[in-house]
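A.B. asks: Here is what each chain is made of, one letter per residue.
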Amino acid sequence: GENVEQHPSTLSVQEGDSAVIKCTYSDSASNYFPWYKQELGKGPQLIIDIRSNVGEKKDQRIAVTLNKTAKHFSLHITETQPEDSAVYFCAATPYSGGGADGLTFGKGTHLIIQP
Amino acid sequence: EAQVTQNPRYLITVTGKKLTVTCSQNMNHEYMSWYRQDPGLGLRQIYYSMNVEVTDKGDVPEGYKVSRKEKRNFPLILESPSPNQTSLYFCASSFEPQALGKLFFGSGTQLSVL
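So the sequences go chain by chain: A and B. For what it's worth, the numbering used here labels the leading residue of the first sequence as 900, then goes sequentially. For what it's worth, the numbering used here labels the leading residue of the second sequence as 2, then goes sequentially.
Bear in mind the hints are in silico, worked out from the structure with no lab data behind them. Even for Gly, the Cβ is constructed at its ideal location relative to N, Cα and C. Certain hints may be false.
[Unchecked claim] Quick list of simulated restraints, FRET-style, between CB atoms:
| hint | chain 1 | residue 1 | chain 2 | residue 2 | range |
| --- | --- | --- | --- | --- | --- |
| 1 | B | Ser83 | A | Gln944 | 28 to 34 angstroms |
| 2 | B | Ser113 | A | Pro1014 | 31 to 37 angstroms |
| 3 | A | Ala969 | B | Asn8 | 39 to 45 angstroms |
| 4 | B | Ile78 | A | Lys941 | 35 to 41 angstroms |
| 5 | B | Ser108 | A | Asp916 | 27 to 33 angstroms |
| 6 | B | Val53 | A | Glu938 | 29 to 35 angstroms |
| 7 | B | Gln4 | A | Asn902 | 15 to 21 angstroms |
Given only the sequences and the hints, what does the whole structure look like? Please build it.
C.D. replies: Written out as structure tokens, the structure is:
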């Protein structure tokens, strides 16, 4: 099955700086890569996703890049703000369209924005 | 408001006492799933359901049961809870099978089994 490694487990950055979280996956058939943000006391919420036919996707201050050859994808947050403090999860799946392939999540990154 | 509702939010029980965690969604989603979250292990899927009366095991199904009699409800049943099932549980739903759809998560149920 798929295996997703996520680094770092904790990331502390100064407010206004950029943050990068990296994930690698093992199954070359994986074709969908979402990122979820979990604020304290809440369930995870999808913030951005990318499909394997795209190399990069941006949404305001967040962006995700995908390198299929190296089997890794990254989340980039620019101009970090206090509300960016949360746990971030990457995930991957080799969804084929006919079955029930599930999302495999990384173990999470606790992002801390220092004032 | 579109949401996934789990109850209870917190639950403390003792080993062997059957319990049910309820999950309901109001978005007419076909796909529903249960996850457990443990420190250092991330989110692991317990069971999922593609539609009414269709359920299947995820990565960590041992000790759990589910049912999907109605589209909106997907309860998680622990017939004989054990301390290793102490965890934070999340229910999630999606309009499409999760890989192509957006997963909506509930707020979580913190379960402690003594």
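A.B. asks: Each hint: holds or not?
C.D. replies: Taking the hints in turn, this is what the structure says about them:
Checked against the given bound of 28 to 34 angstroms, the beta carbons of Ser83/B and Gln944/A, roughly 31 angstroms apart, stay inside it. Between Ser113/B and Pro1014/A the Cβ separation comes to about 34 angstroms, which falls inside the hinted range of 31 to 37 angstroms. In this structure, Ala969/A and Asn8/B meet the distance hint of 39 to 45 angstroms, their C-beta atoms being roughly 44 angstroms apart. For the pair Ile78/B and Lys941/A, the supplied restraint of 35 to 41 angstroms is violated, since their beta-carbon distance comes to about 24 angstroms.
Taken as a hint, the range 27 to 33 angstroms holds for the pair Ser108/B and Asp916/A, whose Cβ atoms sit roughly 31 angstroms apart. Taking 29 to 35 angstroms as the suggested C-beta distance range, the pair Val53/B and Glu938/A conforms, at roughly 32 angstroms. Roughly 32 angstroms separates the CB atoms of Gln4/B and Asn902/A, a value that falls outside the hinted 15 to 21 angstroms.
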